[in-house]
Structures are given as structure tokens and as C-alpha cells.
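Going by our numbering, the first residue of the sequence shown is number 252, and it counts up by one from there.
Calculated from the structure, these hints are not laboratory results.
Mixed in with the good hints, there may be bad ones.
As the list claims (entries may be wrong) - Derived pair list, reagent style BS3-like, types lysine-lysine, alpha-carbon separation capped at 27 Å:
id: 1; residue 1: Lys329; residue 2: Lys497
id: 2; residue 1: Lys497; residue 2: Lys289
id: 3; residue 1: Lys353; residue 2: Lys535
id: 4; residue 1: Lys338; residue 2: Lys497
Unchecked claim - Listed next, with one range per pair, are the computed distances between beta-carbon atoms:
id: 5; residue 1: Lys291; residue 2: Ser478; range: 35 to 41 Å
id: 6; residue 1: Glu255; residue 2: Pro367; range: 22 to 28 Å
id: 7; residue 1: Ile410; residue 2: Glu339; range: 25 to 31 Å
id: 8; residue 1: Glu255; residue 2: Asp418; range: 33 to 39 Å
Think of the CB as a built atom: it goes at the ideal place given N, C-alpha and C, for glycine as much as any other residue.
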Amino acid sequence: MACEKHKELAQYIKEVHANLRKSAVKVGPNNAWMLHTKNKEVLLTYAKYMQELATTYWEENSANEASLASSRIEWSVKLCTYYFVNKEYIKYRERDIAISKKLDLTLNFVDLFQDPLVLLDVGSCYNPLRAYKLFHVLAVDLCPANDYVQKCDILQVNIGNETIVHDNTVMQLKKESFHIITFCFLLEYIPSSELRIKACENAYKLLKPEGILIINTPDSKHVGANSKLMKCWQYTLACLGFTRIKYEKLTHMHCMGFRKALHKDVAFRWATIHRKADTEFAMKIPQDYIKREQKSWQSADLKLCSEDFKDLPFYDL
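Working from the sequences, and respecting the hints, build out all of it.
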């Protein structure tokens, strides 16, 4: 069981997520997100509490192999080592080339992978990946918890020919400049499918060709419980130009690695071949399907809070 402080921190995080979803229904996802990003008091408290949860309460359980605190970081590092250090990207490159010939596509690429790998950690909070020498990390968050993280909104940031940072705020990110982008527990925080897709579209613009997007999303149910949603995510990302190279369902989360194909049509070919009648171009989460009526906001909010965080280490309150 969690201590009282643990409960207090977790409850605040739950309420922020529930209020953001409630606002999205009332004023629309875009307006809700903009209002949320301007609420400095909430963002500051959220960042402080998330850092404390991660570094104090989650890491206390790091000896447990199922611990969310360590497993999502370790999983990401292992994937990057497998793909870049072990040069497995060559295998996927050869697949792209073979498919491109079938589609009569012309590919232009240069092998630019070298240490350190440039990594954009989105929604980083406190930049845990800085401990790994394999990476040169740019950690960003709506409200940084420490000086190792820059302020940035992945949904609104400009993308151009150079990265511009002023007063610890990212004004612009350079297109096709990152080997790796991580979305760890980010997409379920964003209040709509459309905005989640926008975040992934921006990731595509920022990644180098053959770079990888790593997505971790919480789910403590059995592997098949939300398989339809995960298949829709795979289809949607393929439409954007990503091919999935790794998927694993751990105890508390889905872990996914997506590769930016050498040509969008290579990935889109997979989407065309594997699309089924019930496959949506969408990135939905289970909470999106909960029907809400104005008269039942209170009960709906409580249910949503519980559903959101039962997959995380601080749920046992």
C-alpha cells in the first residue's frame, strides 16, 4: 500500500488528466490543450509531483523486473542498442529497398548513424536518459522539473532548418535532426486522437530517415485486451510513414518501436495490404470510448481517473 504522501501525489496527477479530458469535451481538444499549456500553476505542480513519483516511489520498486520505473527506460535503451549499435537498421533498409523496387520508387539516403545518437525525449519531466552515454539527449516538457529539461510543446513547436533555444525554451526544432524520439506515457496524456496523430506527424518531420520513434503506453490488461487499438495505432503510423520494428506487451504497458521508412509509400504499402474493415485511421485509448453526459460528470470523472492510472505503479492507493 502507498503512504499518504504517495496517495496525495497520485491523486493530483489523476485529477489533472481527468480535468483535461473534461475540458476537451466542453471546448474542444485544441482549445482544451491551449488552456492547459497556459495554466502555469497546474503545470508546475504536475511536474514537481511527477518527478517525485518517478524518482522516489517508482524507483523504490526498481528491483522488481515488472517495475514500470526501470522497465520502460531499459526497454528503450535495448531497442536503440539492437537497432543502431548492432546495425540491425541495415536489415530494415534492405527491406525498404526491395519494396521500393516493386513500387518503382527512387530512394536517396546516406548512412549518418554515429555515436552519440541524438535523442529527443518528449514529455521527459526530469531527463532520466541523460545517464546513458549512448545518447545526446534533448529532453523537453511542457513544464520542466529541472534544468536538464527544456520547455517545449511538441504540438505547437515550430519545425525549421535549425534548433533554436532561448531562456530554456525551445522556439524551433530542426527538421530531420534526431535519430530517436521517445513518447513515454505521452500520447494518453493528450486528450484526442487527432492531437496524438499530430504529435506523431511532428515526430516524423523531426526524425532522420531510418530514425526510430519509441512509444510506451500504460496497460495492465492481458496482451489481447486492447489489441484492436494497438493495431489501429500501427496502421495509422504506417499511413504517416512509419513501419513497426518492435512490439512487446509488458506487465504494465505496451512498448513499441517504429522506424521512419526511407519513403512514405513503403510504409503505406503495408497499411494498404493489412487494413481490415474495422481498422481506423486513429490513435484512440480506452478512455475515448467512455460515454459522458453532462449530468453524470462527477461519476464519469471518477471512473476516468481510476482507469487512467490503474496501470501505473502508484495505483494501489
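We went through each hint and held it up to the structure:
Restraint check for lysine 329 and lysine 497: satisfied, since their Cα atoms lie roughly 11 Å apart, inside the 27 Å limit. For the hint pairing lysine 497 with lysine 289, the CA-to-CA distance comes to about 36 Å; that exceeds 27 Å, so the pair is violated. For the given pair, lysine 353 sits about 33 Å from lysine 535 by alpha-carbon distance, which is inconsistent with the 27 Å threshold. A distance of roughly 15 Å separates the Cα atoms of lysine 338 and lysine 497; the hinted pair therefore holds under the 27 Å criterion.
With their beta carbons about 39 Å apart, lysine 291 and serine 478 fall inside the hinted range of 35 to 41 Å. A hinted range of 22 to 28 Å for the beta carbons of glutamate 255 and proline 367 is inconsistent with their spacing of about 42 Å. Hint check: isoleucine 410 to glutamate 339, Cβ distance near 28 Å, so the stated range 25 to 31 Å holds. Glutamate 255 and aspartate 418 have their C-beta atoms about 37 Å apart, which keeps the hinted 33 to 39 Å range intact.
In terms of the numbered hints stated before, the structure departs from hints 2, 3 and 6, listed from lowest to highest.
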